[in-house]
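Visitor: Given next are the chains, with one letter for each unit.
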Amino acid sequence: MDWKIYDLEGIDIQWCPGCGDFQIMEALKKALADLELAPSEVVLFSGIGQAAKMPHFMKGNFFNGLHGRSISNATGMKAANPEMVVIAIGGDGDMYGEGGNHFLHTIRRNPDVTNMVHNNMVYGLTKGQASPTSPLGFKTPVQVDGVFEEPFNPLAVAIAQGATFVARAFSGYVEETKEIIKQAIRHKGYSLVDIFQPCVSFNKINTHKWFRENTYFLEEGYDPTDRKAAMMKAFEKEPYPLGILYREEGKKTFEENLACYVEDKTSLYRRERKPALVAQFLKELE
Amino acid sequence: MNVLPRKDFNDVSLVLCGAAGQGVQTIEEILVKSLHEGGYHVFASREYMSRVRGGNNSTEIRVSTEPVNAFVDRIDLLLPFNQGVRQNIRERITESTVILGDKEELGEELSDTEGWFVDVDLLKRGHEVGGKVYSGVVAAGIVASLFGLDRSILYGFFEKRFAGKEEVVEKNRKAVDAGYEIGANMKNDKSLEIILEGKRKGEQSVVLNGTDALSLGALAGGCDFVTSYPMSPATGVLTFMAKNSHRFGIAVEQAEDEIAAINLALGASYGGARPMATTSGGGLALMSEGISLGGITELPVVIHVGQRPGPATGMATRTEQADLEFVLHAGHGEFPKAVFAPGSLEETFYLSQRAFNLAARYQTPVFILTDQYFLNSYYDIEPFDAEGLTIEKHIVESTEDYQRYVVTEDGISPRSVPGYGKGMVGTDSHEHDADGHVQEDFHLRKRMVEKRLRKMEGLKKETVPPTLLGTEDYDSLVIAWGSTRHIVEEAVKRLGRKGTAVLHFSQVYPLPKETESYLRKAKIVIDVEGNATGQLARLIRTETGFEIPRRILSYTGLQMSVEFVADELRKLLSREV
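For the record, the sequence lines run as chains A and B.
For the first sequence, this note's numbering assigns the number 1 to the initial residue and increments by one for each residue that follows.
For the second sequence, this note's numbering assigns the number 1 to the initial residue and increments by one for each residue that follows.
Read the hints as simulated data drawn from the structure, not as lab findings.
A couple of the hints might just be wrong.
[As the list claims (entries may be wrong)] Here are the simulated DSSO-like cross-link-like pairs (lysine-lysine), alpha carbons at most 30 Å apart as the crow flies: (1) Lys283(A) <-> Lys243(B); (2) Lys274(A) <-> Lys422(B); (3) Lys103(B) <-> Lys127(A); (4) Lys252(A) <-> Lys243(B); (5) Lys446(B) <-> Lys283(A); (6) Lys422(B) <-> Lys182(A); (7) Lys265(A) <-> Lys160(B); (8) Lys283(A) <-> Lys201(B); (9) Lys265(A) <-> Lys422(B); (10) Lys461(B) <-> Lys283(A); (11) Lys460(B) <-> Lys283(A); (12) Lys393(B) <-> Lys265(A); (13) Lys274(A) <-> Lys165(B); (14) Lys274(A) <-> Lys446(B); (15) Lys283(A) <-> Lys393(B).
Small disclaimer: the values here were computed from a predicted structure and weren't measured.
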């Protein structure tokens with residue numbers, strides 16, 4: 001499938017020139033096209049932030065919700081309507097800050113949702129404050145003495161929480177990012193793809209050059225099914241490993257565990273609900 | 001000689017009290033089920049402390065040959081099982097109260113009250129059967145015997161409960177027998193007698209509480225997705241739905257917090273489900289952001305709010321009607337909503353059902369406002385007619401050029417869901433265009449605000465009228481909403497004042513269009529509410545300009561009683577004459 005099928009015409013893309021978001025969107029469009037998925041089969045969820053604007057810049061069903069909550073919207077959607085391919089996109093502030101609690105518990109739920117987190121280690125939309133992943137000492141108009149909170153480690157947290165697919169990519173490597181996204185979408189269960197990206201306007205430290213110099217791809221022969229090894233990799237810094245750190249197949253998804261799908265696999269809206277079932281229930285009480 | 005019911009009453013009010021975790025709830029269950037099976041009308045209301053063990057909780061059970069459904073202060077028969085009977089019970093003991101208790105357990109407890117104490121050796125008889133746990137069953141046996149129930153009804157309860165455990169069933173039968181022996185002796189020596197003539201009318205009857213009625217109504221409305229974070233008193237709905245999730249084929253999820261609960265529900269709604277979130281005031285505070293999201297995304301969602309006293313944690317297991325204004329304003333920005341506040345089990349069932357259709361039709365949040373008292377109070381009713389109800393889906397198949405937010409005359413844009421048809425469905429928390437894409441066009445903004453608010457006009461046309469209880473020829477009108485319906489109705493009956501009627505609101509927002517004409521017809525209007533500031537009265541003034549200065553307000557944390565309302569009405573009305 002030609003990935004241009006995902007292009008939306010006549011739109012004004014609001015990202016800054018040179019922003020890593022462009023490359024991530026290209027990787028996503030290419031991944032979906034490679035998987036032969038039509039825009040009507042895909043639902044993009046997002047919250048608030050620069051990354052979260054993506055559903056307005058490409059074709060597909062979309063739900064652009066509240067800051068931090070989109071992973072919960074996505075989980076609810078997938079549980080109600082499991083026939084769709086569901087992707088939740090957001091930045092580090094959206095998914096790890098405001099949505100931190102939902103991040104923890106969505107991993108536990110394991111819905112079949114792909115969670116793409118654009119991690120640029122800074123707040124772009126609100127103009128340059130620290131994010132949960134900003135490095136120690138990072139100075140901003142708010143963190144005037146430099147960040148003194150320990151940076152959030154999404155990969156280690158996800159692995160610890162029992163996530164069944166944990167990966168990291170870098171926006172500068174579009175082909176590799178596309179391949180990781182494809183695998184994440186194919187994976188049955190929750191998948192986290194943390195994507196390093198430079199913020200050309202507000203992060204002068206973690207630049208394109210910095211990411212190239214401070215990342216490396218996992219070596220051939222790395223075994224992503226080894227959870228302990230994955231955890232060790234998740235703790236590595238400068239250079240940070242790129243690729244699929246951990247994957248585990250066969251774990252039941254959230255929607256598979258729900259009582260509504262034990263006997264019937266169809267989406268909820270396609271079903272006939274019968275008040276007669278309630279009448280029967282009452283009859284048995286008499 | 002004590003004969004119950006007392007003069008001028010045709011029901012017996014029985015109160016059980018004891019520590020949590022000591023089996024009082026089981027005795028309540030035995031008695032409610034058995035008295036109902038024995039042909040009586042029953043009403044039961046529970047008040048409890050926020051603790052799993054110990055403390056002192058109570059249940060009031062009213063038994064009658066006439067329908068009973070309201071909380072009274074009067075205690076005809078008190079069964080204290082432990083020491084530490086709390087003030088709210090002690091205050092209600094009068095010289096007409098018979099106390100049935102075991103001095104061995106209670107010591108001098110309650111000996112300073114005016115009640116008529118009948119000492120019964122519950123502990124000893126319990127131990128004879130097999131242990132202290134059976135003393136409660138002995139007490140249940142006494143009560144059942146006094147009401148003249150066939151003991152096989154109680155046997156049947158235990159045979160069902162402990163099916164396959166013949167030894168346990170046999171011990172319970174013996175405990176029942178011991179109770180019947182004591183009961184027979186009491187009748188013989190004329191220490192206590194209960195004379196209720198006749199039986200309940202009507203063949204079919206079920207005992208339900210507010211939680212059951214609300215949950216069943218939701219299911220009859222097609223509810224298929226329930227999310228919640230446990231919080232008293234709304235947890236019962238979550239539990240009911242989970243317990244019956246396989247039977248009805250629905251999704252139930254306990255979320256990490258109320259923020260997730262409402263957002264899971266909205267995501268599900270976008271996917272085509274008919275979701276409900278159930279919570280109390282504190283949880284609603286967390287849901288407010290999501291409710292606002294429901295407003296702009298125009299997603300149907302039903303939110304059950306079981307009220308308890310606030311602010312903040314307030315009184316976790318107690319009751320109040322103080323979240324009406326909060327619900328009215330929950331969610332930033334302006335968007336349409338509807339709020340139901342049912343007062344009877346029937347209303348609860350039919351309005352819960354209706355809430356789902358209304359939410360689907362108008363694509364907006366719809367609230368059901370209850371409270372702890374109502375959710376935990378039981379009485380018997382004829383089963384609801386669920387067969388004739390319809391579930392309105394209001395979902396269209398999309399065409400290739402489908403637009404989610406088309407501006408229409410009534411403000412309702414045909415709603416499709418992802419995957420249903422050839423088109424795509426976009427939705428946004430920002431102000432958006434017809435495709436759901438964010439736009440900062442000020443003319444578009446105005447059109448979209450107006451489109452959403454036009455749905456309010458439709459909601460206004462479909463309000464549920466308030467129920468007039470009593471004479472149409474009234475000069476004084478008593479206003480009530482939500483759970484106080486039966487209480488105010490009985491109080492006005494008890495008052496026996498000609499020309500006094502009750503107007504009960506089961507929908508409080510939009511305020512029913514008939515409201516003003518009812519009010520203008522009365523010479524005297526009195527507002528009765530379970531809060532400290534008269535929130536419905538304020539809403540009525542805002543919407544109609546009609547001022548209701550006479551108010552009876554209760555905010556102790558316990559439900560107002562029939563006697564309280566009757567006394568306050570008497571005081572207010574005597575001033576008017």
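Visitor: All the hints need checking, so say for each whether the structure fits it.
Guide: Each hint, compared with the structure:
no.	hint	in the structure
1	Lys283(A) <-> Lys243(B)	holds, 18 Å
2	Lys274(A) <-> Lys422(B)	holds, 28 Å
3	Lys103(B) <-> Lys127(A)	violated, 74 Å
4	Lys252(A) <-> Lys243(B)	holds, 21 Å
5	Lys446(B) <-> Lys283(A)	violated, 51 Å
6	Lys422(B) <-> Lys182(A)	holds, 24 Å
7	Lys265(A) <-> Lys160(B)	violated, 35 Å
8	Lys283(A) <-> Lys201(B)	holds, 18 Å
9	Lys265(A) <-> Lys422(B)	holds, 22 Å
10	Lys461(B) <-> Lys283(A)	violated, 35 Å
11	Lys460(B) <-> Lys283(A)	violated, 35 Å
12	Lys393(B) <-> Lys265(A)	holds, 20 Å
13	Lys274(A) <-> Lys165(B)	violated, 37 Å
14	Lys274(A) <-> Lys446(B)	violated, 40 Å
15	Lys283(A) <-> Lys393(B)	holds, 26 Å
In this structure, the hints that do not hold are numbers 3, 5, 7, 10, 11, 13, 14, in rising order.
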